[in-house]
Amino acid sequence: MTDSNLKIKNIDRLIFSFLVLFAATLNNSIFLNQIGFFSVYILIIIKAYYLKENPIKGNKLNQVFLILIVVFLLTAILSPYKEEALIRSIKKILLIPIVYSLIYFVDERAKAGNIIKTYLVAALITNILYLLFSSYHYIYHLYSLEKRGPSPFQYVMTAGGLMSFTALFFFSYFLNEKVSQKIKALLFISFTVSIVSVIASYTRAAWLGTIFGLITIIIIKKKWKILISFLIILFSFIFLFNNESKVGLYKIENNKLNHILTLNTNGRANDIIIANDNKKLVADYENGVILLKNDNIIFHNKFSVPITNVNMWNDSLFVAYTLDQRFFLLKFKNEAITVLDSFYTKGKTVDFKLFDNKFYVADEDSGLTIFNNPIRLRGNFIKYKGISKFAVMDSIIIIYNREKQSLLLKKLIDNKYFVNMDSIKFNSSIENIFRFNDQILLQTEKELIIYKIISNKFIKEQVTKISGCFKSVENDSLIYLISINGKLYLAENFDGKLKIKELYDFKKTITSFDVKNNNLVITSYYRNRITSVFDKYHITNFERFNIWKTGIKIFLSSPIYGVGDIDLQKVYQIFKDPHLKENFGHLHNNFVNWLVVYGLVGTILILYVFIRIFLFLIKFYRSNKNEEIISSFIIGTIASFVAFTFSGIGEYNFGDQEIMTVLWFLLGLNLALYKIVSEKK
Numbered sequence: 001m002t003d004s005n006l007k008i009k010n011i012d013r014l015i016f017s018f019l020v021l022f023a024a025t026l027n028n029s030i031f032l033n034q035i036g037f038f039s040v041y042i043l044i045i046i047k048a049y050y051l052k053e054n055p056i057k058g059n060k061l062n063q064v065f066l067i068l069i070v071v072f073l074l075t076a077i078l079s080p081y082k083e084e085a086l087i088r089s090i091k092k093i094l095l096i097p098i099v100y101s102l103i104y105f106v107d108e109r110a111k112a113g114n115i116i117k118t119y120l121v122a123a124l125i126t127n128i129l130y131l132l133f134s135s136y137h138y139i140y141h142l143y144s145l146e147k148r149g150p151s152p153f154q155y156v157m158t159a160g161g162l163m164s165f166t167a168l169f170f171f172s173y174f175l176n177e178k179v180s181q182k183i184k185a186l187l188f189i190s191f192t193v194s195i196v197s198v199i200a201s202y203t204r205a206a207w208l209g210t211i212f213g214l215i216t217i218i219i220i221k222k223k224w225k226i227l228i229s230f231l232i233i234l235f236s237f238i239f240l241f242n243n244e245s246k247v248g249l250y251k252i253e254n255n256k257l258n259h260i261l262t263l264n265t266n267g268r269a270n271d272i273i274i275a276n277d278n279k280k281l282v283a284d285y286e287n288g289v290i291l292l293k294n295d296n297i298i299f300h301n302k303f304s305v306p307i308t309n310v311n312m313w314n315d316s317l318f319v320a321y322t323l324d325q326r327f328f329l330l331k332f333k334n335e336a337i338t339v340l341d342s343f344y345t346k347g348k349t350v351d352f353k354l355f356d357n358k359f360y361v362a363d364e365d366s367g368l369t370i371f372n373n374p375i376r377l378r379g380n381f382i383k384y385k386g387i388s389k390f391a392v393m394d395s396i397i398i399i400y401n402r403e404k405q406s407l408l409l410k411k412l413i414d415n416k417y418f419v420n421m422d423s424i425k426f427n428s429s430i431e432n433i434f435r436f437n438d439q440i441l442l443q444t445e446k447e448l449i450i451y452k453i454i455s456n457k458f459i460k461e462q463v464t465k466i467s468g469c470f471k472s473v474e475n476d477s478l479i480y481l482i483s484i485n486g487k488l489y490l491a492e493n494f495d496g497k498l499k500i501k502e503l504y505d506f507k508k509t510i511t512s513f514d515v516k517n518n519n520l521v522i523t524s525y526y527r528n529r530i531t532s533v534f535d536k537y538h539i540t541n542f543e544r545f546n547i548w549k550t551g552i553k554i555f556l557s558s559p560i561y562g563v564g565d566i567d568l569q570k571v572y573q574i575f576k577d578p579h580l581k582e583n584f585g586h587l588h589n590n591f592v593n594w595l596v597v598y599g600l601v602g603t604i605l606i607l608y609v610f611i612r613i614f615l616f617l618i619k620f621y622r623s624n625k626n627e628e629i630i631s632s633f634i635i636g637t638i639a640s641f642v643a644f645t646f647s648g649i650g651e652y653n654f655g656d657q658e659i660m661t662v663l664w665f666l667l668g669l670n671l672a673l674y675k676i677v678s679e680k681k
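Residue numbers (our numbering): 1 to 681.
Treat the hints with caution; some may be incorrect.
Said to hold, decoys possible - Taking lysine-lysine pairs in the DSS-like style, the calculated list, with each CA pair at most 30 Å apart, reads:
1) Lys57 x Lys9
2) Lys416 x Lys501
3) Lys385 x Lys404
4) Lys333 x Lys404
5) Lys333 x Lys246
6) Lys536 x Lys549
7) Lys82 x Lys7
8) Lys353 x Lys471
9) Lys333 x Lys147
10) Lys178 x Lys675
11) Lys333 x Lys353
12) Lys358 x Lys581
13) Lys222 x Lys404
14) Lys60 x Lys222
15) Lys346 x Lys471
16) Lys222 x Lys178
17) Lys570 x Lys508
18) Lys221 x Lys251
19) Lys302 x Lys385
20) Lys457 x Lys383
21) Lys576 x Lys553
22) Lys446 x Lys346
23) Lys302 x Lys536
24) Lys60 x Lys680
25) Lys619 x Lys117
26) Lys497 x Lys457
27) Lys251 x Lys465
28) Lys52 x Lys111
29) Lys7 x Lys680
30) Lys348 x Lys553
31) Lys82 x Lys47
32) Lys383 x Lys346
33) Lys178 x Lys246
34) Lys416 x Lys446
Claimed, not checked - Pairwise CB distance ranges (calculated):
35) Lys446 x Pro80: 16 to 26 Å
36) Ile139 x Glu286: 30 to 40 Å
37) Glu335 x Asp577: 31 to 41 Å
38) Glu502 x Phe610: 35 to 45 Å
39) Glu286 x Lys147: 26 to 36 Å
40) Ser342 x Phe610: 37 to 47 Å
What the hints contain is simulated information worked out from the structure, not anything from laboratory work. Glycine included, each C-beta is placed from N, C-alpha and C at the ideal position.
Required output: the full structure, derived from the provided sequences and hints.
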């Protein structure tokens, strides 16, 4: 063997090793993944140089990739934010050589098979690890608190999309391959683990994509009985788990709860308070603010946006909070509720409290606003970024800064500025802060920790194994706490220490409660997670509709070539409605985002690109549907592109580097296999 041949052989070994690293880390490490594919790029260039050949091999989709590159570059050059748009476009273009690297190097079925196995086995192991993290998430009620799954390897939306691809491939191999029962069982177990991982991600975009991906595989294989069974199961989940919304009324007697009555609101009862004269106010998404008296609904005031919370300011005035972060000042009038005023603060509201007839509103990205008078709604604003949760104690403000993982004790001077008093570091996240006399109760992921403030210092008193508490109510020198999974706790001071005991277990998710004298009221609702995809008042959907509405405004301002591939926050803040707090860097929908950044021309061309890809894959499958392994991989790839398309309704996954890396990897392997099969024929 000549030195030249030996060098090429060694380079090939290195390329294969880095390709294995690349395939193994697609679902779990963007850092190692980039090392893998950039090393492959460099080594292929070196090999091509030695062999004096072009590393860019012709393929059936050359024109498609050229169109994509032209769209990226042309819209960047025409963008008013040229430099940023060019940088982001080049990053997208640098992913395309993944396709050409695979076409160039993968020239045998065995190579392709080993890379596919590496990808699927590593993805399966990643899914198993994800389920372990998910079990922790479940045990400590973090699904209910955070409304999403864990993010151990990457952002949960990305994780859901990546795991959906894995599930689809295992299902494709299970349904398509003629193998032994033992292998079939292993494939089914792998599919089950992967599909449970997708469910555990709690991301509806991934669910939607997976459902349509599975349907695609079943239709391609013409398994009509399986399709009917699948649809029956799907519709059973949709129609058997009915939505419900309830208000429960109880009496507390001798530290025991006696159930009095349950009312249905036919909406989403999210919050409740007991006012004077035994009146009760319920914040309900669909019905606005509901007024209960003598255990009957006597009035409800509907709003154009969902009401999520309600707080008493004084005996006759109260504040309602909306899903789009506005406040409405309301008043009782003749057994009815009237709107006096509306207001909103500067930034993204994360917490608010009423204390000593003052209304405190914390905005994570700006600071604290204090409203001293409900009649003259002019707040004192104190600039301070990073408030995640807070509590008020006379002139003391206790602040939790999630980013810095710090609990801060600050003195409030004339409602104008803070003076630092004390601070402590927290390794675990603080979910809620409750005040009781001179004590502070901190709900972390696993524990309820009690601190006392002595001489302007935090003094730890005790730690309990209580988790999931999200609201507290003081009543007659007692404090009641309720957890997200429905456990009601009673706490009182004995010899200077807080004694906490479980009073009752409602055995369901509670959204709010209130206690006055010996009366206790709770609210709860259940919404079918699958049908919530079409729920206009689901918090994610509600936010998405506002984002898309703003996106259309941006598109109409630059409809032909768009604004360029940029972080859209700088233009989003110009076009959004004034009361909408958050600026978004992307628009959580592929089509809307394409219109905004690439304009109408670019969007049409990108749609053409994906249509061409689909047509190539379908044609490739039809001519090779009897080929073992290859046909299953093609089906899995088609289903993954379908999943990507439907997930893209609720997420801008075209802008997700990890998702696009996997898609180009899958497409590149298909083109490599197409070349291998064509040469064989």
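Structure-based check of all given hints:
no.: 1; hint: Lys57 x Lys9; verdict: 20 Å, holds
no.: 2; hint: Lys416 x Lys501; verdict: 40 Å, violated
no.: 3; hint: Lys385 x Lys404; verdict: 11 Å, holds
no.: 4; hint: Lys333 x Lys404; verdict: 46 Å, violated
no.: 5; hint: Lys333 x Lys246; verdict: 25 Å, holds
no.: 6; hint: Lys536 x Lys549; verdict: 14 Å, holds
no.: 7; hint: Lys82 x Lys7; verdict: 43 Å, violated
no.: 8; hint: Lys353 x Lys471; verdict: 12 Å, holds
no.: 9; hint: Lys333 x Lys147; verdict: 37 Å, violated
no.: 10; hint: Lys178 x Lys675; verdict: 24 Å, holds
no.: 11; hint: Lys333 x Lys353; verdict: 25 Å, holds
no.: 12; hint: Lys358 x Lys581; verdict: 23 Å, holds
no.: 13; hint: Lys222 x Lys404; verdict: 55 Å, violated
no.: 14; hint: Lys60 x Lys222; verdict: 27 Å, holds
no.: 15; hint: Lys346 x Lys471; verdict: 25 Å, holds
no.: 16; hint: Lys222 x Lys178; verdict: 16 Å, holds
no.: 17; hint: Lys570 x Lys508; verdict: 43 Å, violated
no.: 18; hint: Lys221 x Lys251; verdict: 60 Å, violated
no.: 19; hint: Lys302 x Lys385; verdict: 34 Å, violated
no.: 20; hint: Lys457 x Lys383; verdict: 23 Å, holds
no.: 21; hint: Lys576 x Lys553; verdict: 8 Å, holds
no.: 22; hint: Lys446 x Lys346; verdict: 33 Å, violated
no.: 23; hint: Lys302 x Lys536; verdict: 16 Å, holds
no.: 24; hint: Lys60 x Lys680; verdict: 17 Å, holds
no.: 25; hint: Lys619 x Lys117; verdict: 24 Å, holds
no.: 26; hint: Lys497 x Lys457; verdict: 17 Å, holds
no.: 27; hint: Lys251 x Lys465; verdict: 27 Å, holds
no.: 28; hint: Lys52 x Lys111; verdict: 23 Å, holds
no.: 29; hint: Lys7 x Lys680; verdict: 28 Å, holds
no.: 30; hint: Lys348 x Lys553; verdict: 22 Å, holds
no.: 31; hint: Lys82 x Lys47; verdict: 35 Å, violated
no.: 32; hint: Lys383 x Lys346; verdict: 10 Å, holds
no.: 33; hint: Lys178 x Lys246; verdict: 52 Å, violated
no.: 34; hint: Lys416 x Lys446; verdict: 35 Å, violated
no.: 35; hint: Lys446 x Pro80: 16 to 26 Å; verdict: 49 Å, violated
no.: 36; hint: Ile139 x Glu286: 30 to 40 Å; verdict: 32 Å, holds
no.: 37; hint: Glu335 x Asp577: 31 to 41 Å; verdict: 34 Å, holds
no.: 38; hint: Glu502 x Phe610: 35 to 45 Å; verdict: 55 Å, violated
no.: 39; hint: Glu286 x Lys147: 26 to 36 Å; verdict: 19 Å, violated
no.: 40; hint: Ser342 x Phe610: 37 to 47 Å; verdict: 44 Å, holds
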